[in-house]
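2 protein chains.
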Amino acid sequence: MIAEKMKNMVANSSAIRAMFEEGNRLAGIYGAENVYDFSLGNPNVAAPEAVKQAIRELLDEEDPVVLHGYTNSNCGYADVRETVAASLNERFGTHFEGKNIVMTVGAAGGLNVILKSLINPGDEVIVFAPYFGEYRSYTNNYDGVLVEISPNTENFQPKLDEFEQKITPKTKAVIVNTPNNPTGVVYSEETIRRLAAIMDAKQKEYGTEIFLISDEPYRELVYDGAKVPYLTKYYANTVVGYSFSKSLSLPGERIGYLVIPDEVSDSEELLAAANVATRILGFVNAPTLQQKLVAKCIREKTDISFYDRNRETLYNGLRECGFECIKPEGAFYLFVKSPAADEKEFCAAAKKYNILIVPGSSFGCPGYVRLAYCVSYGTIVNSLPKFKELSKEYFS
Amino acid sequence: MIAEKMKNMVANSSAIRAMFEEGNRLAGIYGAENVYDFSLGNPNVAAPEAVKQAIRELLDEEDPVVLHGYTNSNCGYADVRETVAASLNERFGTHFEGKNIVMTVGAAGGLNVILKSLINPGDEVIVFAPYFGEYRSYTNNYDGVLVEISPNTENFQPKLDEFEQKITPKTKAVIVNTPNNPTGVVYSEETIRRLAAIMDAKQKEYGTEIFLISDEPYRELVYDGAKVPYLTKYYANTVVGYSFSKSLSLPGERIGYLVIPDEVSDSEELLAAANVATRILGFVNAPTLQQKLVAKCIREKTDISFYDRNRETLYNGLRECGFECIKPEGAFYLFVKSPAADEKEFCAAAKKYNILIVPGSSFGCPGYVRLAYCVSYGTIVNSLPKFKELSKEYFS
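First to last, the protein sequences are chains R and Y.
Numbers in the numbering used here are just positions in the first sequence, counted from 1, shifted up by 1487.
Numbers in the numbering used here are just positions in the second sequence, counted from 1, shifted up by 1487.
Same shape as in the complex, but just chain R:
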């Protein structure tokens, strides 16, 4: 009875829901504090105190008809878009104006808007494994074809030789996600330069436009002074998708933006398409109070030291147990090599110790598992003896 396209997705999602329900079931038996749920990227850090203050000020200062009303453009309030552009220019030396910014219902909304604007049925969208599994659904929404580049498990930088071979005249977009979910790896400037050079050459070779879509919800979550290049400066046909979900701990509020620079081919047409896509996909506009809020809090940032402590403690703890893992420079995930050939078996073994983790095959990279360490520090510390016990099943 439901749409054909939805049937597989509903079946798969039941598996995820089963995992979630298993977590609840375990919490019911053992107490939530004795369940080590590393499965979800839902920040455990509260929004900065400035967020609360800013909402109070907006309620006091703004006309409610404006604060809660439709925005004149589906792309958002003009003043908010200008504030976002100015902040980017200040931090990254770019030259955006308000018109280059489209406020979106989080990064997920933004990715759907840009793919709806660009993709014809059969167009190819390239992703680098391991990658956020939702890219497959978003591409499928517009009848695009997802093309995977296999993972480089040595350092999880993208495999650029394979990338070059897999670009075809049907390639319309390439999605990169750095800092990366699920590995926490930051793509180096050298990687970005080579990637851009390959795309420029292929555009010339085929006489096509190939868009680089940079999905950046973790841009601010970097450690040890790591630098995240701003991709519009390396490749003209770049569109950036951003979310305040992690940087301000507002994932449920659904607020982010797209950047469509003037350097993009036919940028005015693409901006007009993004405006229409925002409307007809049913977003209409990004939530208005949240738009005004992020403009007021544009210089605020969540407490990175919290995640950094989790990262160090979990990474070191797992290494001491014998697990293999790249030390991440960003985001809040560890991507750990499964000691069992089938990582789903390893996930099942972990569950015996009330440890919930996600198989790498969900990210196009079997043989690994993802741990989201955006949990409380107590969960990290208390999980380590359990990981020690788990490790003895493999390294004894």
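Honestly, the hints are just simulated from the structure, not real lab data.
There may be inaccurate statements among the hints.
Unchecked claim - BS3-like, lysine-lysine: derived pairs with alpha carbons at most 30 Å apart: (1) Lys1586/R <-> Lys1783/Y; (2) Lys1720/R <-> Lys1494/Y; (3) Lys1875/R <-> Lys1831/R; (4) Lys1691/Y <-> Lys1494/R; (5) Lys1788/R <-> Lys1539/Y; (6) Lys1814/Y <-> Lys1879/Y; (7) Lys1839/Y <-> Lys1824/Y; (8) Lys1657/R <-> Lys1691/Y; (9) Lys1586/Y <-> Lys1720/Y; (10) Lys1657/Y <-> Lys1783/R; (11) Lys1494/R <-> Lys1657/Y; (12) Lys1783/Y <-> Lys1814/Y; (13) Lys1586/R <-> Lys1653/Y; (14) Lys1714/Y <-> Lys1539/R; (15) Lys1586/Y <-> Lys1539/Y; (16) Lys1788/Y <-> Lys1539/R; (17) Lys1586/Y <-> Lys1494/R; (18) Lys1539/R <-> Lys1539/Y; (19) Lys1839/Y <-> Lys1494/R; (20) Lys1831/Y <-> Lys1873/Y; (21) Lys1783/Y <-> Lys1586/Y; (22) Lys1689/Y <-> Lys1494/R; (23) Lys1691/R <-> Lys1689/Y; (24) Lys1653/R <-> Lys1539/Y; (25) Lys1838/R <-> Lys1824/Y; (26) Lys1689/R <-> Lys1873/Y; (27) Lys1539/Y <-> Lys1783/R; (28) Lys1720/Y <-> Lys1494/R; (29) Lys1875/Y <-> Lys1814/Y.
Computed from a prediction, not measured in an experiment: that's the story for all the values here.
Given the coordinates of chain R, assemble chain Y onto it according to the supplied hints.
Only chain Y this time, still in chain R's reference frame:
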């Protein structure tokens, strides 16, 4: 360069934008108070004072990690869904539970979620002219085919004989919108009973499931004690889409819900599909602060007397000028017969008097124009002498 499907839409939207810009241009020349912009359904009534108070309380009382965090289910907070269900049961004698409610990014988000869940390419979606033009875009998003029933300009109740003839084995959904945009008409209980009987008979005849989608953003905006039947009580395969945009004056905040009753065929599968569609379309969940807010304000309602005064004044004023119009029982629109054969000419003539109105052909009903009277009372009063002058071009 943009997707083929978007090209026409971008071209059409430029026409709307041109109108909007024309309004701004006129306001710049004559002053905003001398421009009578009846083009947009953006409420001019502030949200009830209780909204502000409720947000303050949420900031004081709720853990920010929960208040701004992802909801456990993509369908929304369990407590909010239960509050919505209880409110419907109390008001309409229904028997919903929290699981029957899917919190959505406004009614537009909800309609996209349910159409994504149901529609296969080529499936037919029936609408009754005049209808909200976005239904065409939403249906097109999922490669459905919009089938129009011609308008009954006598009283703007749906033409049920034509409806019966146009239902085919490909008919998957029927969208009704009562109180109606653009006419303000409320479909009578008799109409609903006949419509339901026709759909029941056609389901049996073809052995198909045909869904009645009731788009109800104007449910609470009714006058003179008009009753709006609750459609789930008349037809089993009914899904309701609701928005708080108008009832609480929160259109920019993007908050509404779907009701998927147990009586719907395979309702569990459809609820699971709606959950997945919410996620993969990029909504992820309805904005969380707004979810908690509408639950707190579930008994609040915007000041209907404001719209009622506008309705009476504008309706009577236009009639006195000689214009023909059905007196609406709900929503905040007047649908006026164009005194010129081509209503677009009439819209152009109105613009000479700084009056901005929308041609009926945008709603599948040429020969009429829509006036949104959700403007300030001053705009209504001051526009009447201008309408008088305009009328003299036609009735002299």
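Going through the hints against the structure:
Distance check on the hinted pair: Lys1586/R and Lys1783/Y sit about 37 Å apart at the alpha-carbon level, beyond 30 Å; violated. A hinted pair counts as satisfied when its Cα atoms are at most 30 Å apart, and Lys1720/R with Lys1494/Y qualifies at roughly 28 Å. At most 30 Å may separate the alpha-carbon atoms for a hinted pair to count; Lys1875/R and Lys1831/R meet this at roughly 19 Å. Among the hinted pairs, Lys1691/Y with Lys1494/R is consistent with the structure: their alpha-carbon atoms are about 25 Å apart, no more than 30 Å.
Straight-line distance between C-alpha atoms of Lys1788/R and Lys1539/Y comes to about 26 Å, which keeps the hinted pair within the 30 Å bound. Distance hint between Lys1814/Y and Lys1879/Y is fulfilled; the C-alpha atoms sit about 22 Å from each other, no more than 30 Å. Only pairs whose Cα atoms come within 30 Å are accepted, and Lys1839/Y paired with Lys1824/Y is accepted, the gap being roughly 19 Å. Straight-line distance between C-alpha atoms of Lys1657/R and Lys1691/Y comes to about 45 Å, which puts the hinted pair past the 30 Å bound.
Restraint check: the Cα-Cα separation between Lys1586/Y and Lys1720/Y comes to about 18 Å, which is no more than 30 Å; the hinted pair holds. Pair hint Lys1657/Y plus Lys1783/R does not hold up; C-alpha atoms about 50 Å apart against a cutoff of 30 Å. For the suggested pair Lys1494/R and Lys1657/Y, the alpha carbons sit about 19 Å apart, so the restraint of at most 30 Å is met. Restraint check: the Cα-Cα separation between Lys1783/Y and Lys1814/Y comes to about 34 Å, which exceeds 30 Å; the hinted pair is violated.
Simply put, Lys1586/R and Lys1653/Y have alpha-carbon atoms about 45 Å apart, too far for the 30 Å limit, and the pair is violated. Straight-line distance between C-alpha atoms of Lys1714/Y and Lys1539/R comes to about 41 Å, which puts the hinted pair past the 30 Å bound. With a CA separation close to 28 Å, the supplied pair Lys1586/Y and Lys1539/Y stays within the 30 Å bound. Restraint check for Lys1788/Y and Lys1539/R: the C-alpha separation of about 26 Å stays at or below 30 Å, so the hint holds.
A distance of roughly 20 Å separates the Cα atoms of Lys1586/Y and Lys1494/R; the hinted pair therefore holds under the 30 Å criterion. The hinted pair formed by Lys1539/R and Lys1539/Y meets the criterion: a straight-line CA distance of about 14 Å does not exceed 30 Å. Taking the CA atoms of Lys1839/Y and Lys1494/R, the gap is near 54 Å; set against the 30 Å cutoff, the hint is violated. The hinted pair formed by Lys1831/Y and Lys1873/Y meets the criterion: a straight-line CA distance of about 18 Å does not exceed 30 Å.
About 19 Å separates the Cα atoms of Lys1783/Y and Lys1586/Y, which keeps this hinted pair within 30 Å; it holds. Between the alpha carbons of Lys1689/Y and Lys1494/R the distance comes to roughly 25 Å, so the proposed pair stays at or under 30 Å and holds. Taking the CA atoms of Lys1691/R and Lys1689/Y, the gap is near 56 Å; set against the 30 Å cutoff, the hint is violated. The straight-line distance between the Cα atoms of Lys1653/R and Lys1539/Y is roughly 54 Å, outside the 30 Å bound, and the hint therefore fails.
Distance restraint check for Lys1838/R and Lys1824/Y: the Cα-Cα separation of roughly 68 Å exceeds the 30 Å cut-off, and the hinted pair is therefore not satisfied. Distance restraint check for Lys1689/R and Lys1873/Y: the Cα-Cα separation of roughly 60 Å exceeds the 30 Å cut-off, and the hinted pair is therefore not satisfied. At most 30 Å may separate the alpha-carbon atoms for a hinted pair to count; Lys1539/Y and Lys1783/R meet this at roughly 18 Å. For the given pair, Lys1720/Y sits about 28 Å from Lys1494/R by alpha-carbon distance, which is consistent with the 30 Å threshold.
A threshold of 30 Å between alpha carbons decides the hint, and for Lys1875/Y with Lys1814/Y the separation of about 19 Å falls inside it, so the pair holds.
Consistency note: the structure conflicts with the earlier hints numbered 1, 8, 10, 12, 13, 14, 19, 23, 24, 25 and 26.
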